[in-house]
Amino acid sequence: MTATERNNVVEHGPPDARPIVLAHGFGCDQNMWRYVWPAFAEDHRVILFDHVGAGGSDASAFDRERYATLGGYAEDVLEICRELALEDIVFVGHSVSAMIGGLAAAAEPERFGRLVMIGPSPRYIDDTDYTGGFSRQDIDGLLDSMDSNYLAWSGEIAPVIMGNPDRPQLGRELTESFCRADPAIARHFARVTFLSDNRSDLARMTTPSLILQCSDDVIAPEAIGSYVHSRLRGSRLVQLEATGHCPNLSAPEETVAAIRAFLAT
Amino acid sequence: MIAGGGFEATAEDFFEDAPVGYVTTRPDGTIIRVNRTFESWTGLTRGDLVGVKRFAELLSPGGRLFYETHCGPLLGVQGSLREIALDVLRADGSVLTTLVNSVLRPADGRRPAVVNTSIFDATERRRYEQDLLAARRREEAIARRLQLSMLSGDLPAGPGLGVAVAYHPGVRGLEVGGDWYDAFWLTEGETAGLVVGDVVGRGLDAAAAMGQLRSAVRALALTGLGPGALLGALDAYVRRHGGGRMSTVVYAELDLDSRELRLACAGHPPPLVAGPGEAARFVWDGRSQPLAAHRSGASGRPQATVALTPGSILVLYTDGLVERRSSSLVEGMERLRSRLDGARDGDPETLAAGLVRGLDSPDHDDDVCLLAVRLTPDGASRRSRRAA
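Residue numbers (my numbering), protein chains in the order written: chain R, 1 to 265; chain B, 1 to 388.
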């Protein structure tokens with residue numbers, strides 16, 4: 001099984017253009033970029049993929065040990081990049097994938113040209129002299145929420161949603177698969193994501209970076225964006241007007257414009 | 001019929017005092033309207049909420065993480081949420097257990113886009129669900145204990161014979177599977193009975209059926225029926241008692257003096273034997289259908305006899321060892337054979353562990369059970385030690 005098969009890699013745009021890899025975070029899949037990727041497909045080789053267990057990835061490739069830390073997911077990113085022979089990569093990571101991209105870029109810096117982190121957080125749980133915003137109990141609460149929403153998560157109620165007459169423009173395929181995940185793997189990914197601590201890795205991430213900080217982001221509040229900015233040498237921080245944690249869905253134009261402005265520098 | 005203003009007043013009353021909490025937000029989650037029911041359920045007033053809070057901020061921290069990472073994107077793309085279980089935090093910090101439906105109403109030129117959310121008090125329903133979940137987990141724990149109790153116990157060992165087992169539960173299965181094994185002396189130090197089986201189904205029923213088959217095989221084995229007749233009798237037992245129908249099982253008797261292996265295989269993957277210096281091979285003789293799968297009389301089933309040489313290895317296993325979602329059964333069996341050929345040495349424990357190694361990861365959601373048996377290289381030494 002190749003990495004591109006395993007991670008359901010989908011490509012758009014001219015193959016000889018500068019590659020831009022868009023990485024989704026926990027809770028969703030590559031559909032997260034549906035309003036963003038078309039804006040880059042004209043002059044970039046756009047690479048979309050699903051983390052193992054999410055979307056159209058091959059769930060059978062899941063390995064508890066390999067994916068016990070974000071490093072395993074970063075290794076997947078590197079395997080995709082090697083397989084597609086990508087160089088001078090623009091890596092755009094949303095949420096936890098910001099750290100995954102950072103880890104990948106720290107491991108093979110020569111491959112990466114630019115790093116864009118949307119709503120990054122190097123640690124979600126509070127620590128001495130550090131406010132992540134959540135406690136260990138909160139993360140258990142997330143796991144409970146996932147358990148109580150097993151059906152919504154696993155897509156077993158997808159046929160009901162599919163019949164949504166208000167949104168006929170949504171293709172059957174998309175509605176069936178959007179943000180679906182293997183529940184057991186998603187639960188594992190949740191633990192690995194929200195119990196991760198990558199604060200000490202920030203110093204190793206030397207790729208020129210842009211941090212996109214949303215307003216009112218309850219998952220990665222402004223203080224954390226500033227923290228990442230202060231630890232990532234030479235990084236830029238751009239405050240978006242977009243609220244919430246997913247500007248790639250809620251404010252795609254603003255997100256695209258901020259990334260383009262960064263790439264132009 | 002209610003006339004104009006009267007109806008509107010009634011509709012307004014219904015909106016405010018409906019037995020459902022209503023919250024309207026902008027697409028970014030900022031609350032723009034709530035009804036009285038929601039206020040009274042939560043103790044939060046519209047002054048606290050409208051234009052001030054985003055919907056996700058009303059949730060428990062865990063629920064907020066779930067909502068922002070999964071539900072929000074889902075709503076944005078799909079335009080709706082159905083029956084999402086969320087905990088809303090009341091003004092006093094207590095938890096309101098709810099089920100939430102949301103619809104995104106797109107902008108239509110006159111009006112901006114909004115999200116309409118209805119919130120049902122699901123306290124009792126969620127308690128019931130949690131009870132059910134707890135009951136299921138309890139049952140799984142019982143089934144697992146039951147299975148483990150059957151999968152433990154002494155293996156026959158002694159001069160001339162080494163037996164080891166590897167049992168590997170499926171990675172993702174919550175319930176116990178139906179794989180089982182047994183190994184015992186028919187005649188102490190002379191003839192060993194070896195069984196590996198796979199019961200259809202999972203959970204408590206499978207564990208119970210496994211227990212029945214295991215007891216039946218032990219009882220029948222000691223009557224001296226021999227493998228073919230034993231499986232025939234087991235067939236009749238299953239037909240009469242029901243549990244274990246369509247199960248597969250391989251039963252073998254290994255005579256240490258003659259080094260003769262007699263076996264019968266009811267729908268089960270073929271055993272693998274490997275003599276020293278020979279390539280490993282599957283035993284395709286002595287096969288018949290799974291238990292109670294056909295209407296034969298009680299005349300027994302075919303059995304095979306295999307002459308083993310000193311140092312031979314016998315491997316009985318369940319299909320989980322050779323089945324992968326990503327490759328065919330034939331490929332899986334070939335992989336097992338070459339793996340055995342690649343690592344023949346060592347005691348049965350090392351052998352068994354080596355053959356199941358790597359199952360943890362890819363592709364694996366089925367149980368695996370494996371029995372590795374080795375005849376000591378020199379039969380004479382067995383006899384001499386026995387004599388000594």
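The set of hints was computed from the structure by calculation and includes no laboratory data.
Being a predicted model, the structure only gives us computed values, none of them experimental.
Some hints could be false.
Sample of chain R residues lacking proximity to chain B, with all beta carbon distances greater than 10 Å (derived) [said to hold, decoys possible]: (1) G25; (2) R34; (3) L84; (4) I139; (5) R199; (6) S200; (7) P208; (8) D216.
These stretches of chain R come out as covered by chain B in the derived footprint (C-beta under 8 Å, 3 or more residues) [to be verified]: (9) 51-57; (10) 240-254.
Chain B is faced by these chain R residues, among others (derived, beta-carbon under 8 Å) [as the list claims (entries may be wrong)]: (11) I125; (12) T128; (13) D129; (14) Y130; (15) F134; (16) D138; (17) S145; (18) N149; (19) F194; (20) L195; (21) I219; (22) A257; (23) F262; (24) L263.
Beta carbons: idealized from backbone N, C-alpha and C, even for Gly.
Here's how the hints hold up against the structure:
1. Under the 10 Å C-beta cut-off, the non-interface status given to R:G25 relative to chain B is violated; the minimum distance is some 7 Å.
2. The non-interface label for R:R34 is inconsistent with chain B: the shortest C-beta to C-beta separation is roughly 7 Å, within 10 Å.
3. Listed as outside the interface, R:L84 is consistent with that label: its C-beta sits roughly 22 Å from the nearest C-beta of chain B, beyond the 10 Å cut-off.
4. With a minimum CB-CB distance of about 7 Å to chain B, R:I139 fails to clear the 10 Å threshold, and the non-interface call is violated.
5. Listed as a non-interface residue, R:R199 keeps its Cβ farther than 10 Å from every Cβ of chain B; the least gap is roughly 19 Å.
6. Consistency note on R:S200: stated as away from chain B, and its beta-carbon is indeed over 10 Å from all of that chain's, at 23 Å minimum.
7. No beta-carbon of chain B is positioned within 10 Å of the beta-carbon of R:P208; the least distance is around 27 Å.
8. Chain B draws R:D216 into its interface by the beta-carbon criterion, the shortest separation being 6 Å against a cut-off of 10 Å.
9. Only residues whose beta carbon comes within less than 8 Å of a beta carbon in chain B count, and the stretch 51-57 of chain R has 0; fewer than three means the coverage is violated.
10. Coverage of a stretch by a chain is defined here by at least three residues with a beta carbon nearer than 8 Å to that chain's beta carbons; for the stretch 240-254 of chain R and chain B the count is 7, and the condition holds.
11. Annotation: interface hint on R:I125 violated; nearest CB of chain B at approximately 11 Å, more than 8 Å.
12. Of the supplied interface hints, the one on R:T128 is violated, with its beta-carbon coming no nearer than about 20 Å to a beta-carbon of chain B, more than 8 Å.
13. A distance limit of 8 Å between C-beta atoms decides the matter here; for R:D129 the minimum to chain B is near 21 Å, and the interface restraint is violated.
14. The closest approach between the C-beta of R:Y130 and any C-beta of chain B is roughly 17 Å, which is over the 8 Å cut-off, so the hint fails.
15. Here the hint on R:F134 is kept, as its CB sits about 6 Å from the closest CB of chain B, short of 8 Å.
16. Interface restraint check for R:D138: the shortest CB-CB distance to chain B comes to about 4 Å, inside 8 Å, so the restraint holds.
17. Because the smallest distance between the Cβ of R:S145 and any Cβ of chain B comes to about 4 Å, under 8 Å, the interface hint for this residue holds.
18. A distance limit of 8 Å between C-beta atoms decides the matter here; for R:N149 the minimum to chain B is near 5 Å, and the interface restraint holds.
19. The beta carbon of R:F194 comes within 7 Å of a beta carbon in chain B, closer than 8 Å, and the hint placing it at the interface holds.
20. Against a cut-off of 8 Å between C-beta atoms, the interface hint on R:L195 is violated, since the closest Cβ of chain B lies about 12 Å away.
21. Here the hint on R:I219 is kept, as its CB sits about 5 Å from the closest CB of chain B, short of 8 Å.
22. At about 18 Å, the closest approach between the beta carbon of R:A257 and any beta carbon in chain B exceeds 8 Å, and the interface hint on this residue is violated.
23. Interface restraint check for R:F262: the shortest CB-CB distance to chain B comes to about 23 Å, outside 8 Å, so the restraint is violated.
24. A least Cβ separation of about 25 Å between R:L263 and chain B goes past the 8 Å threshold, and the interface hint is therefore violated.
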